[in-house]
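Undergrad: Kindly generate the complete structure, drawing on both the sequences and the hints.
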Amino acid sequence: MPFAAFPRHDDAMTDDEGEIERKLRAAGAMRDADLDIAHLALTIATGDRPDILLAPYHAHLDELVTVAGVALGDVRATPCGVLAGALSGVMAGRFGYLGDAETYDDPRNANL
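So the sequence shown is numbered by this note's numbering: it starts at 1144 and just counts up by one.
Hints listed in this document are in silico derivations from the structure and should not be mistaken for laboratory results.
These numbers come from a predicted model, not from an experiment.
Restraint ranges, calculated between C-beta atoms of paired labels, are given here:
no.: 1; residue 1: 1172; residue 2: 1220; range: 29 to 37 Å
no.: 2; residue 1: 1178; residue 2: 1215; range: 17 to 25 Å
no.: 3; residue 1: 1236; residue 2: 1190; range: 26 to 34 Å
no.: 4; residue 1: 1174; residue 2: 1220; range: 24 to 32 Å
no.: 5; residue 1: 1194; residue 2: 1225; range: 35 to 43 Å
We put the CB at the ideal spot given by N, CA and C, even for glycine.
TA: Here's what the structure looks like:
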């Protein structure tokens, strides 16, 4: 059943939950090309932790995009292997995103 077909539960929602649902419904009405997937993923992640303030995470995503954009340059003229190396240098080298090799299958690793 599509998300929009589920009944609304506004009376039982906290203000935070209602805001999350409002953002998700708005995203559902957007064209795919207009979606900001990374920021939408942060909104979805707040379902588990609605008390978390997202502003620092949004700022960090914006920083990742800026730094990656500088490192990658003109992606149309660069071979894929070079792009992968540059992106790895930004994500793993500069920001330390290495993944979780010890508890890879832990469901908590799926949440931002």
